[in-house]
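The listed protein sequences correspond, in order, to chains A and B.
Note that the first sequence covers residues 1 to 506 in this note's numbering.
Note that the second sequence covers residues 507 to 825 in this note's numbering.
Worth flagging that the hints you see were computed from the coordinates, not collected in a lab.
Here the structure is a predicted model, which is why all the values come from computation and not from measurement.
Virtual Cβ for every residue (Gly too), placed ideally from N, Cα, C.
Worth double-checking, as some hints may not be accurate.
Stated by the list, open to error - Computed footprint of chain A on chain B; a stretch qualifies when at least three of its residues, placed anywhere within it, have a C-beta under 8 Å from a C-beta of chain A:
no.	stretch
1	669-683
2	778-786
Unchecked claim - If you anchor each label on the Cβ, the simulated ranges turn out as follows:
no.	chain 1	residue 1	chain 2	residue 2	range
3	B	Val609	A	Asp443	36 to 44 Å
4	B	Ala602	A	Asp264	37 to 45 Å
5	A	Asn157	B	Met785	47 to 55 Å
6	B	Glu771	A	Asp443	32 to 40 Å
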Amino acid sequence: MKKKIVKRLLSAGLVLTMSAGLLAGCGAGGGSDDGNKDQGGETGDPAHIIVTYITAGVDPADLGKVQDAVNDITIPEINVEVEFKPLSFTESLSQYSMWIGAGEQIDLMCVAFQDLKSYIDQGMIDPIDDLLASEGDKITSLAEDEDFPLYSGAQFNDQTYAVSVLASSYGSAGGFLMTKESLESAGLSYEDGDMVTLDELTDIFAAIKEANPDVYPCGITGSLPPSGYTFPSDPLGATAASGVLIGLDSTEVVDYFESEEYYDFLEHVRDWYQKGYIPQDAATTDITLDEYMKSGTISGYFSEGQEGLKNTLESNLGKECLHLMINEPYMKSVSSATNVYWTVPVTAEEPEAAMRFLNLLYEDKDLLNTIQWGIKDTHYKVVDEEKGLIERIGDPTAGTSGIGVWGDQRMVYEFGSSTKEANAEWTEAAMNNQTKGYGFAYDSSNMTNQIIAVQSVITEYQPALETGSADLESTYQAFIDKLKANGIDEIIADKQAQFDEWLAQQ
Amino acid sequence: MSRSAVRKEKTAALKVRKRFRWKKAVPIYLMVLPGVIYFLINNYLPMAGITIAFRKINYRDGIFNSPFCGLENFEFLFQSGNIQVAIRNTLLYNVAFIIIGTVFPIAVAILFNEIRGKLSQKIYQTAILLPYLMSMVVVSYLVFAFISADNGFINKSILEPLTGESVAFYQEKAYWPFILIFVNQWKGIGFSMILYFSSIIGISPDYYEAAKVDGATKWQQIRYITLPMLKPTVITMFILSVSKIFYSDFGLFYQVPRNSGTLYEVTQTVDTFVYNALMNQNNIAMSSAASVMQAIIGFILVVAANAVIRKTSEENALF
Chain A
1 MKKKIVKRLL SAGLVLTMSA GLLAGCGAGG GSDDGNKDQG GETGDPAHII
51 VTYITAGVDP ADLGKVQDAV NDITIPEINV EVEFKPLSFT ESLSQYSMWI
101 GAGEQIDLMC VAFQDLKSYI DQGMIDPIDD LLASEGDKIT SLAEDEDFPL
151 YSGAQFNDQT YAVSVLASSY GSAGGFLMTK ESLESAGLSY EDGDMVTLDE
201 LTDIFAAIKE ANPDVYPCGI TGSLPPSGYT FPSDPLGATA ASGVLIGLDS
251 TEVVDYFESE EYYDFLEHVR DWYQKGYIPQ DAATTDITLD EYMKSGTISG
301 YFSEGQEGLK NTLESNLGKE CLHLMINEPY MKSVSSATNV YWTVPVTAEE
351 PEAAMRFLNL LYEDKDLLNT IQWGIKDTHY KVVDEEKGLI ERIGDPTAGT
401 SGIGVWGDQR MVYEFGSSTK EANAEWTEAA MNNQTKGYGF AYDSSNMTNQ
451 IIAVQSVITE YQPALETGSA DLESTYQAFI DKLKANGIDE IIADKQAQFD
501 EWLAQQ
Chain B
507 MSRSAVRKEK TAALKVRKRF RWKKAVPIYL MVLPGVIYFL INNYLPMAGI
557 TIAFRKINYR DGIFNSPFCG LENFEFLFQS GNIQVAIRNT LLYNVAFIII
607 GTVFPIAVAI LFNEIRGKLS QKIYQTAILL PYLMSMVVVS YLVFAFISAD
657 NGFINKSILE PLTGESVAFY QEKAYWPFIL IFVNQWKGIG FSMILYFSSI
707 IGISPDYYEA AKVDGATKWQ QIRYITLPML KPTVITMFIL SVSKIFYSDF
757 GLFYQVPRNS GTLYEVTQTV DTFVYNALMN QNNIAMSSAA SVMQAIIGFI
807 LVVAANAVIR KTSEENALF
């Protein structure tokens, strides 16, 4: 009898401890090893930092090896051990707030093509002035002594919140990137960089469609609305939701979506869509433009126009490509090339180490190229050290995602042909073509709620309108009405007031 | 024997019984324990998050230290005008689902009851149940394969050869109430049919035999025997659906229309609204305000529906 009870007790105890172990397991994942706390020095155990790693959708197979190679550099150099946290670009739009909300450790976070201000307003990232002063000597010297716009659009109330990537070129433009063979098949001859209007594009599309009935000559997808590439506009360091300057001489903040230029573009796109120049599922598809391009479904798409974009596409496709330009390079208040920011979230546990690593990205060529292209002689081999040209070995996506969001992009190797000269020309052309808002950044904190509301209207209508899939007249009117109902005019007035004040000080 | 003595004896007897009960009950409570823990963690613990709806959230201060802002989030929620559409859609679709989801499965269940061949019954049952086992993501691609503008079956093989024109389904609001209700029925009918079918099988054959002897036609048998006998099942199913009237199948309303913006007016429900506000706009305050509202109204509706049922037929009420 007694034995039985003991046995029962034992088994009950076992069950209890096991379930307790299970429950504890749930919580242990987030635990950090406090023994590794960096005391601000560069001695002792290396500080472990977690850095976001933006991919195009697939985590590179060899990322772990690349991470080891990175640590082989960073541990002796700055006593920092890096752990990459890969996520796709589209995930990055929604995932960060989840991570930070859950208190997950992230020491260095890449905010790319998003509204940096909302991260600041919601208290997700910390100011980094002190860190820059103590650990970021290379960054501060580039920004202050050499005048690179590294903090552009990231300074509010005398505080710096982020460092942007040092782009290989500055300035925005708009063009149409397409394969040369599609033009040749239609019997057209254009040179790379030729200027075209939207009407001329209509004729070009018509000719290509006639020669290749199975190909859609104009690639557009709802997730990347292309209107911004068709006329110069400047959202003054925010998004189009809060109004823009249109053209280079304007000082009047207007509703981007109500402008003549925008409507003109929509009319063209609707026409193209109805004539079958645009994939008919464009508004809702989840296929990317590059995938469309690779499968030969489309023969070109709207692009910003830099040489590097053309080279990348050429190397992906193995075909010759060219840009038809719609407008010349110009300089916005905050260049889109710098719209990639490195931030230190409030959940960072090793902010000093994170800043040391960030600083090294602007200094160490080997580190930078390891992150960008992978391990030397495994993932790429150098072809021409002087020009900085490489050739990739095997599957180009095996080692790294190759997305240029890191450090000083001027030190990054290129493949194909060098774009250094073209980029320098581009930047110079853009610098001579500044909008009136150059140097100004709108502080949207008074209008947060309205901007969110307007932004949701834009995401509702923009994909259907800018792919030409929706009936223009009825949908457009509903769009404009809804924007007004959600207070876009109020936001524009607020922006105009701030801008006027800034102009008066100039 | 005095009264007090009787009472004493009685209480003593009660006490004995109570102790006895506890001894028996403990293992049963232990068995319930994992379930209770699950509900505490999964359903009660997150309720603390309701507080988010009343705060101006700031990540630096965290959830419980962010400043309170009263009903500001709710005000903003209604100001922006989208939630009203979402509420309307949720309610109307659910009403449609409840009505259609009662009539059709019962009709099919009655038809099933008339199938005599055991093998064919098994085959039909499997066929009709199969869609219920599919994930909504798979369903959304099936729908896409039918109605896509580029390669969709309906456009390429039916409309274009016949009329020469195609329909951009993902941009046209008019078709979607029908498509969504159709997909919902197609997917769910197998399961609810089985529920009714099992009740029908449970009806004693004596009734039917007696009816036949009295010369009742097939229709009369259905009308006067089957349907009245199904009433309790229908009412239970009705209460269950009413309690969920403020909730929608996220997959159906998000995946199947492929989150197409032009369709929001007829496809957005409270759940997709919350998801979009949270994931696309990073708007924690507004999405939690919408969820809280959803929970409160949903709760009121359950209690109200139950009250109505209790009035009309008390034995069928849930509580």
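Status of each hint after checking the structure:
| no. | hint | in the structure |
| --- | --- | --- |
| 1 | 669-683 | holds (count 4) |
| 2 | 778-786 | holds (count 5) |
| 3 | B:Val609 x A:Asp443: 36 to 44 Å | 58 Å, violated |
| 4 | B:Ala602 x A:Asp264: 37 to 45 Å | 42 Å, holds |
| 5 | A:Asn157 x B:Met785: 47 to 55 Å | 29 Å, violated |
| 6 | B:Glu771 x A:Asp443: 32 to 40 Å | 34 Å, holds |
Hint compliance for this structure: hints 3 and 5 are not met, and every other hint is.
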